[in-house]
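Chain by chain, the residues:
There are 4 protein chains.
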Amino acid sequence: MDQTPITAAIVGATGYVGAELTRLLLAHPRVSLEHVTSRSRVGTRVDALYPHLEGRCGLVYGDETPAQLARRVDALFLALPHGASIEAVASLFEDGAPIGRARVIDMSGDFRLEDPALYEEHYGVEHLFGELLGRFVYGLSEWNAEAIAAAQHVANPGCFATAIGLALAPLAAAGLLPDRVTAFAATGSTGSGASASKGTHHPERATNYKLYKVLRHQHVPEIETMLASLGAETRLSMVPASAPMTHGIFATLHLPCDDPETLARVVEVAYADAPFVRVRRSTPQLNWVVGSNFADIGLFCGDGELVVASALDNTLKGAAGQAVQNLNLMFGFEPTRGLGAVASLP
Amino acid sequence: MDQTPITAAIVGATGYVGAELTRLLLAHPRVSLEHVTSRSRVGTRVDALYPHLEGRCGLVYGDETPAQLARRVDALFLALPHGASIEAVASLFEDGAPIGRARVIDMSGDFRLEDPALYEEHYGVEHLFGELLGRFVYGLSEWNAEAIAAAQHVANPGCFATAIGLALAPLAAAGLLPDRVTAFAATGSTGSGASASKGTHHPERATNYKLYKVLRHQHVPEIETMLASLGAETRLSMVPASAPMTHGIFATLHLPCDDPETLARVVEVAYADAPFVRVRRSTPQLNWVVGSNFADIGLFCGDGELVVASALDNTLKGAAGQAVQNLNLMFGFEPTRGLGAVASLP
Amino acid sequence: MDQTPITAAIVGATGYVGAELTRLLLAHPRVSLEHVTSRSRVGTRVDALYPHLEGRCGLVYGDETPAQLARRVDALFLALPHGASIEAVASLFEDGAPIGRARVIDMSGDFRLEDPALYEEHYGVEHLFGELLGRFVYGLSEWNAEAIAAAQHVANPGCFATAIGLALAPLAAAGLLPDRVTAFAATGSTGSGASASKGTHHPERATNYKLYKVLRHQHVPEIETMLASLGAETRLSMVPASAPMTHGIFATLHLPCDDPETLARVVEVAYADAPFVRVRRSTPQLNWVVGSNFADIGLFCGDGELVVASALDNTLKGAAGQAVQNLNLMFGFEPTRGLGAVASLP
Amino acid sequence: MDQTPITAAIVGATGYVGAELTRLLLAHPRVSLEHVTSRSRVGTRVDALYPHLEGRCGLVYGDETPAQLARRVDALFLALPHGASIEAVASLFEDGAPIGRARVIDMSGDFRLEDPALYEEHYGVEHLFGELLGRFVYGLSEWNAEAIAAAQHVANPGCFATAIGLALAPLAAAGLLPDRVTAFAATGSTGSGASASKGTHHPERATNYKLYKVLRHQHVPEIETMLASLGAETRLSMVPASAPMTHGIFATLHLPCDDPETLARVVEVAYADAPFVRVRRSTPQLNWVVGSNFADIGLFCGDGELVVASALDNTLKGAAGQAVQNLNLMFGFEPTRGLGAVASLP
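Protein chains in written order, with the working numbering: chain G, 1 to 346; chain Y, 1 to 346; chain D, 1 to 346; chain V, 1 to 346.
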């Protein structure tokens, strides 16, 4: 068995998603992380900005362009803010053809939708390269494994979209999804990224609970698009909440249905062999998934209703972990390679 | 104006609800707190168990019975665990007539329902004195003010029941409540009381999020009974969650409806003059209510749906604060007497 | 007894100290808060910025100058950042004489030291009006009560300085302070103020613990100056820490000494009648003081050593609460007026 | 190179230390964890008690005795409460000779001291097998590597003892340790173990800060004994604090000394090549070590004084991680085998 590692690079590596990718790729036995770039920190050592990596990382943030890196490495991760990935991706094409050999995983929301108009409505930015949307495979690992394995360009799902999408996809595929689903989803503060702001100012977040983007979160069209691709026309009413954790998404879904037990079994069966999705008939807990790539799903059958809870670590299964899971698919590595960590408990 | 204070006593004063009642009544300008009792701490000074009260409280936990106290004081608070209040209340009657002059506020769930069978189903305990249920007025201050003012016996509402009940009552009264409402409600750890247990063990609670009593919380029949008394037949699907705060209830309700704007206005109008309910078209935040007797409601109109968020401090508006609000009603004091505190921010 | 309230104003009222002063003065039975100003928020309602005050505050941030306010109100609070108070205070004098009738309480560090050179060394700013330093009385309420009562200008102490100063002042006054004292002091995040920054970014603060300004915190000269005024020449080695609370200072002092019991008794006696300082032979706890104006001191006698712990709420006894305590002294109100709050527990 | 794994067992595996050992050994490439035992949970699956391990662990808690296991496995970990290890260890000897082949790592405090009288004084329990104390090598990995490598019995250090011991050992070995050292050390709540108690009840711990065992923590003689073994007679004044984190020890030491720079350099040099100790001239942060086996040390030179900060994860470098580090030494594995994890950040 050839164990020569592939080479990888991360563009925009100073944010939280980039930092988690850095940490995971440094420890991945089949990957050699060669380049990390940052507009604002060129020349800074990674472990000066992220001292938890001291002794494990000798890299320095560079200013290589995505196009340069696409020619040098096997796997290219774009960890740029929403909006900024559009041009970065565009720079990876010349006359409609991809530059270089790199297979690309984009962490932003810029290439997750199929319809540029929907993107513009929800992200408030014009999508100047809408024609490239079709190049991307949506990287919900458990549902698109074959396409991901074959793809050169993968759009890595959003954190809420992963939590909610994993819970609903089996029902969509089985034609059992109700017309309307209500989702309440609490997120930890790392979801807001590495930049300090009033909403994540410790004094105002540490003991607080509040809603935001009620009924208008940008992951709604992402989820609805994914469900539609499985044949389901469902309307999702989503209420996101900022909760006082640092890590984790905890989504609770309410589904009116005649036969909740049948739906529950479909979800159980769907993930019976999935290495990173654990299904129970009891509540998941954030403590059981944070620090790992697991998504834990809990099922509760009521009288004419099904409650589904879905919990994951937003920086791992909800971002960098799923990206590595996709990398493993794309390069034929074992599914759990580099993703063996289980959180210290509690 | 006669400013002679009334006298008060708390039975079962060592729990968190009892401690908050102690704190509030000590500072209430129209109340003289004369007795606090506890089975387990007889002879202990209050400020030995609760040193934050040192310098403000010279009381000692005694072992007076409820019946003894009912003859001695004007206002008697029962802060006993669910189940334990049944006998305590029964001891306050002789040949079907109340003993003593005390007006009684029961903090437990034992006398909030009208139907003993419903109590037994949800509390798992036989209600040996079901005939006394009819003696109690349900103490949701904003909706039962007149009856509370006239009552000798008040059943103080539960914390979730207050948060959700305040949000839904105006719609029930207006005949605008949909047939089904979904409620997701996160609670802080003080809601579990003063006894240490695995579920509130700091290492396992501080960064965690989990569900409990999904679709079977005992406050559901309490809320449905209250709504029915206002004329609404609504089924409530309630999913409670343990969130990593110490204080606060944050309930988010989803109501399918044709005309959300009309419903929203009904809620706004209902509380236009309420001293402790603040209604906004934006999210409430726990930080804005914790430490105070406020309940803050946020309204979000969607397309065929209304989202209502309701936030309060579970130990205040959700328990001891509302009890004092009821006391003010019962004794004709100004509504905000003893309840002027606003939380230190943030 | 004349109960006509005095009038008050707060300059720079949008920060956390200003917000706490606003909250306390609104509830003070002898004060009418007439003006709150802010450079950045002129025209904004106070309760738009601080919604926890909605229903209790109709004020709007104005742009009155300190000099204008000094002529209009009885008590003027300056809640400006360090450095910004210098000019504000200077504007309150004309030809060396105070303008207006207002008695002034400055919340910043700008007028706490006697020596401008020491100020410049520790604050890194030139003190352009060093001659005004002598006008100010240092407002450590328990130790300067007489001078404060008579003062027109009071420099309100810093939060660490209050916690450590209260612990050491009795020993300084008794001539029992050792030559060197070591202090480790943990602070909550509100101490960093209302502006978001990396150090108080929730993801990086919520589970963290770190030191800052080791051996060079600007409160050291403030404390040493205060102790010197009581006759003690002591060197303080202070190590501040950022701990993951929002509120509270917890200082632990180590004093080598021959007779720790004697020192402990001196501290006990010093505060026997103090309404806001509670001394015990056991540990204080932040939970017992946060939300109140109490400072709790714990004494531990060892073999040739005394450990003193001192805990308070940095925004109350460490800032706004002590300022109101000083106001009460200056205007002859009862010491606990407007400061009766005890924290909700736990 | 022979990669056949060694076999291992954990006695008392249901506590937090046992759970962390379970997690680490399951992932260790050179170890096969064969048995986990528990008095209270015989027959329970590990992942029923610790669902974060679901999918990674098929073990069931058994009731094998330490003596049985000593004959079956290569490495035996005793993760019993203090006091309970004494008999367990005694059962591993027959006529003064060890039973079985297993090399033993004891996680408790029962075999860390050399002097049974000192044990009894600090643990309040008679040491019935004091003659066995001499069999144990003290497992401070960085300082006893050779002896640990050769030992059959290792006493794994305490969490505070590791944090403080690592900071002071280089100075002790160099003969530069002052006569007296003051240590303030904050701990997270996992240090109190898996059993719920009032001191770790979430409502009373989550926003609190308090001292405990002031000047009388049982790790003091452990540290002093270790330092004495390096030739230093030093008295340690230690003040432990309960801080509102779940994980981490943050110790801050104050050392009076004439030449702090020399001392600082000695510490830097001592760990220049240590894979798990990182020394800086700035503050460590808990966030940088929690979840990893790193101990981070920060050095601050003052005028006649040195401040040393030492931070580690109490369940890893302070317990289970160091135990695996010792296992690696004892079996000749690479030092970082099974200990590669770096915390997700922040």
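Check the hints yourself; a few may be wrong.
Since the list can't tell identical chains apart, any single copy or any two copies may satisfy a pair.
The calculated lysine to aspartate or glutamate pairs, modelled on EDC-like cross-linking and capped at a C-alpha distance of 20 Å, are [as the list claims (entries may be wrong)]:
no., residue 1, residue 2
1, Lys213, Glu305
2, Lys198, Asp47
3, Lys213, Glu34
4, Lys213, Glu121
5, Lys213, Asp303
6, Lys213, Glu261
7, Lys213, Glu120
8, Lys198, Glu261
9, Lys198, Asp63
10, Lys198, Glu87
In case anyone wonders, no lab produced these hints; they're calculated from the structure.
Hints, one by one, checked against the model:
1. Taking CA atoms no more than 20 Å apart as the test, Lys213 paired with Glu305 passes between copies only; the shortest distance there is 15 Å, against 26 Å inside one copy.
2. In this assembly of identical chains, the alpha carbons of Lys198 and Asp47 lie at most 20 Å apart only when taken from different copies (17 Å versus 27 Å within one copy).
3. With identical chains, the CA atoms of Lys213 and Glu34 are never at most 20 Å apart, being 38 Å at best within one copy and 37 Å at best between copies.
4. Taking CA atoms no more than 20 Å apart as the test, Lys213 paired with Glu121 passes inside one copy only; the shortest distance there is 14 Å, against 39 Å between copies.
5. Only between protomers do Lys213 and Asp303 lie at most 20 Å apart by alpha-carbon distance; the minimum there is 15 Å, versus 31 Å within a single protomer.
6. Taking identical chains as interchangeable, the C-alpha atoms of Lys213 and Glu261 lie at most 20 Å apart only when they sit on different chains, with a minimum of 18 Å there against 32 Å within one chain.
7. When the C-alpha separation of Lys213 and Glu120 is checked against a cutoff of 20 Å, the pair qualifies only within one copy, where the shortest distance is 16 Å, while the shortest distance between copies is 41 Å.
8. In this assembly of identical chains, the alpha carbons of Lys198 and Glu261 never lie at most 20 Å apart, being 44 Å within a copy and 30 Å across copies at closest.
9. Neither within a single protomer nor between protomers do Lys198 and Asp63 lie at most 20 Å apart by alpha-carbon distance, with minima of 30 Å and 24 Å respectively.
10. In this homomeric assembly, Lys198 and Glu87 never come within 20 Å of each other (Cα to Cα): the closest approach is 29 Å inside a single copy and 29 Å across copies.
Comparing the model with each earlier hint shows violations of hints 3, 8, 9, 10; every other hint is respected.
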